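Participant: The chain contents come next:
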Amino acid sequence: MSDDVWILGIYMTKFGKYPDRDTVDLASEAALAALADGGVTMKDMGVLAAGCLMGGGGIAQQIQKQIGQTGIPAFNVSNACATGATALRTAIMAIKAGEADFGLAVGVEKLAGAGLLGAGGRPKSDKNEWTPSGRYGAVASTDGRIGTDSMPGVFAQVGMEYGHKYGGTSFELFAKISEKNHSHSTLNPKAAYQKKMTLEEIMGDMMIAYPNTRPMCSANCDGAAAAVVVSDAKLKTLSLEQQRRAIKVSASILTSDPWQEACQVLPDVNTLTKVAAKQAYEKAGIGPSDLDLVELHDCFATAELVHYDNLGLCEEGGAAAFFESGATWRDGTTPVNVSGGLESKGHPIAATGIANIWEVCHHLRGEAGDRQIEGAKVGLAHVIGLGSACGVHILEKSSFG
Amino acid sequence: MAAQIPIVDYLVLGDQPHLTAHECTSCGARYFDRRNACANCSGTDFRHVNIATDGEVRAFTIVTFAAPGVKVPFVSSIVDFDGTSARGNIINVEPTPEHISLGMKVKLATYSLGTDDTGTEAIGFGFEPINN
Chain A
1 MSDDVWILGI YMTKFGKYPD RDTVDLASEA ALAALADGGV TMKDMGVLAA
51 GCLMGGGGIA QQIQKQIGQT GIPAFNVSNA CATGATALRT AIMAIKAGEA
101 DFGLAVGVEK LAGAGLLGAG GRPKSDKNEW TPSGRYGAVA STDGRIGTDS
151 MPGVFAQVGM EYGHKYGGTS FELFAKISEK NHSHSTLNPK AAYQKKMTLE
201 EIMGDMMIAY PNTRPMCSAN CDGAAAAVVV SDAKLKTLSL EQQRRAIKVS
251 ASILTSDPWQ EACQVLPDVN TLTKVAAKQA YEKAGIGPSD LDLVELHDCF
301 ATAELVHYDN LGLCEEGGAA AFFESGATWR DGTTPVNVSG GLESKGHPIA
351 ATGIANIWEV CHHLRGEAGD RQIEGAKVGL AHVIGLGSAC GVHILEKSSF
401 G
Chain B
402 MAAQIPIVDY LVLGDQPHLT AHECTSCGAR YFDRRNACAN CSGTDFRHVN
452 IATDGEVRAF TIVTFAAPGV KVPFVSSIVD FDGTSARGNI INVEPTPEHI
502 SLGMKVKLAT YSLGTDDTGT EAIGFGFEPI NN
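First to last, the sequence lines map onto chains A and B. For the record, in the first sequence the residue sitting at position 124 is 124 according to the working numbering, with numbers rising by one throughout. For the record, in the second sequence the residue sitting at position 7 is 408 according to the working numbering, with numbers rising by one throughout.
Please keep in mind that the hints were generated in silico from the structure rather than gathered at the bench. One thing to keep in mind: the hints can contain errors.
[To be verified] Label-pair restraints from in silico Cβ distances:
id, chain 1, residue 1, chain 2, residue 2, range
1, A, Lys-278, B, Ala-403, 50 to 58 Å
2, A, Gly-326, B, Arg-436, 24 to 32 Å
3, B, Ala-404, A, Gly-56, 39 to 47 Å
[Claimed, not checked] Mimicking BS3-like on lysine-lysine, the simulated pairs with C-alpha atoms at most 25 Å apart in a straight line are:
id, chain 1, residue 1, chain 2, residue 2
4, A, Lys-165, B, Lys-506
5, B, Lys-508, A, Lys-165
6, A, Lys-65, A, Lys-43
7, A, Lys-65, A, Lys-17
8, A, Lys-127, B, Lys-472
No experiment lies behind these values; they were computed from the predicted model shown. By construction, the Cβ of each residue, glycine as well, lies at the ideal position given by its N, Cα and C atoms.
Put together the whole structure using the sequences plus the hints.
Facilitator: What follows is the structure, encoded as structure tokens:
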């Protein structure tokens, strides 16, 4: 017996627009399907962790009321774009602690038509008088006056900063990353968008925050994902078929950002990802060259580039050359975001950190159909939530049966 | 002269406008907002330091789509002022990729945000290119 934890069942809804269904409907669909995929029921679960970033609190109990109020501990988690990974990490920790044999993690979001995230002014006062408020004593909204609060702008600067440090970046390079992901999603029936886009179309589309045009930004959409995790000891009591399809969680890491100069001026998404990746590789006993596929947090095309480096997929400073070599296309040496990524598959925030694990599991189980990465045995899933939180999971195919 | 108020309390007005920061006396970490303790070393003792007014652009973006009420286009940037990074708009420049480059030299500049009903003028700041 080991202290390994396994993914027993996992599911993601199709990402897209669901005008007639609410977050509880979508979360319930994902949870019930993940339970069915694992051949278990709500009665088996010892712990539930769930998140819905924009939906207020209490999603876990709302889900229980739809699929089974069994009285187990329920954790409502919120960790920006890493909310889903945090729910999963919470369930995994409960199993590692010996508090539960089975756990359920759920992430859901409704974001279709949500528009620009992160930005916004402060409410207008009735009085026309400059009045300092907040921790900076600001007399006016600072968004647009002292830099940008908008996510496309913040992550544009993240990519530009990498270019300043190491060179090799350009508007065209970032657009080519988006071209890859929009091409990959044509094979993913669960993606919000499955339309191939040419480089010209991407570069010629509406500019949001240079160098990110609209298709280079994550797609706001609705969706949910859920995973059932199980202890190693319990898995060994289950059927051979359940054991064969189980995916080993070789590393489950969650980090926050260690202090760095400037990290409170421009969010530092690099250091905490590097720390998480290093811990994950050590824990799993594998290296970046062993990965058959990677799902990383391409909330913007400018972000995908820096994470090639942060996850150690290329040598330090070599992300642009690494991408230009074709390595991250689905037929390359390290396929990245074969699902289409956040730019094309979509980014219903709290669902993302479980949906990317579903994608990796799907390939490791050999069930990914037209977009199957042949012979995939090990994969990595990464998410970043600004603030910041980073989740890295390394997953391995079962050696049972 | 009418009263003036800075857009944020870390902008110091006067003959030579500049930014100021709270510096941790034990580790030297700098913060533009007030602090309960240092995020780097948990020290609780801070002193005011003036930030250099000449710097180098480390990252920028040209925002052409923003939240309602935010005027576009504008250039957001992260500028290195002698080892202290600050965020602000690059002003007094065409907001196009041809006119802004990584590594370009800029200096702090101020401008009026308007006058309120009491006659107080709010002053904003940005970074403008240094023409060599």
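Participant: Evaluate each hint against the coordinates.
Facilitator: The hints, checked one at a time:
no.: 1; hint: A:Lys-278 x B:Ala-403: 50 to 58 Å; verdict: 56 Å, holds
no.: 2; hint: A:Gly-326 x B:Arg-436: 24 to 32 Å; verdict: 47 Å, violated
no.: 3; hint: B:Ala-404 x A:Gly-56: 39 to 47 Å; verdict: 43 Å, holds
no.: 4; hint: A:Lys-165 x B:Lys-506; verdict: 16 Å, holds
no.: 5; hint: B:Lys-508 x A:Lys-165; verdict: 21 Å, holds
no.: 6; hint: A:Lys-65 x A:Lys-43; verdict: 13 Å, holds
no.: 7; hint: A:Lys-65 x A:Lys-17; verdict: 24 Å, holds
no.: 8; hint: A:Lys-127 x B:Lys-472; verdict: 22 Å, holds
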